[in-house]
Amino acid sequence: MKRSVYIMAIAVVFAVASAFTVHRQTQSWNVDHPEVGTPGIVLLSAAQVKLFYCPGVNSVECAYLVGSMGTTIKKPSP
Amino acid sequence: MKKNTIVELISALLLILFTYTALSKLLDFEKFKYQIGQSPFITNISWLVIWSIPSAEIIISIFLIFKRTRLAGLYLSFFLLLLFKGYIFIMLRYSSYLPCSCGGVLSIMSWKQHLIFNLAFTGLSLAGIIVQNSIKEKVISKMRVTGMKLNT
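From first to last, the protein sequence lines stand for chains A and B.
Per this note's numbering: the first sequence = residues 1 to 78.
Per this note's numbering: the second sequence = residues 1 to 152.
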């Protein structure tokens, strides 16, 4: 019984901590040129947006932070 | 590995999944609401989906914590995951637009990856149900042999 309680408690703490950690790191980004089938607004960290949507040299605007259009992530020019 | 331990580990994994996804949806509720509204097949019942999915995930999480309600939690998680799998399949097959209303890091998976992820956890739920039922049957048969009464 005690072992079961410990396992479940650890699972809950891990899940809650992960959810809050991910939430704090993520922001809403409007991806200017989303791939077909994906939404323009994504909730990811800046590093994830760069990796998944805007990889490569920083030439042209790829995404901007919702609510702060001056904060952008860039991608290579086509 | 003992059967009880297997069920506990499966329940813990499902607990992590449902607690994490429920919290992710609630922490970014406006975005979740927006994306559900974008989904072509459930736009008309989006108000129901928006409230029922996180609630169901929280209820399942609570059921999985306690031994008495664990089997019910495993059944509920199996059916909810089947529902998600059906939704993902329909979206992949019939929709030209694929929004993702998934919680947290699941939103960075492709739809196909999501389908595989969902299949894996559906399988885990089913395995948990089968093992838990076999434990229950063993206990019942032992009680019959010793003439003990069941505590209900």
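Check before you lean on any hint, since a few could be wrong.
[Claimed, not checked] Derived DEER-like restraints, expressed as beta-carbon distance ranges:
#1 37(B) <-> 32(A): 19 to 25 Å
#2 55(A) <-> 34(B): 43 to 49 Å
#3 139(B) <-> 10(A): 46 to 52 Å
#4 77(A) <-> 58(B): 22 to 28 Å
#5 85(B) <-> 55(A): 29 to 35 Å
#6 52(A) <-> 139(B): 47 to 53 Å
Worth flagging that the hints you see were computed from the coordinates, not collected in a lab.
Predicted model, so just to flag it, every value in this text is computed and none were measured.
Using N, Cα and C, we set each Cβ at its ideal position, and we do this for glycine too.
Would you list, in rising numerical order, the hints stated earlier that this structure does not obey?
The structure breaks hints 2, 3 and 4; every other hint is satisfied.
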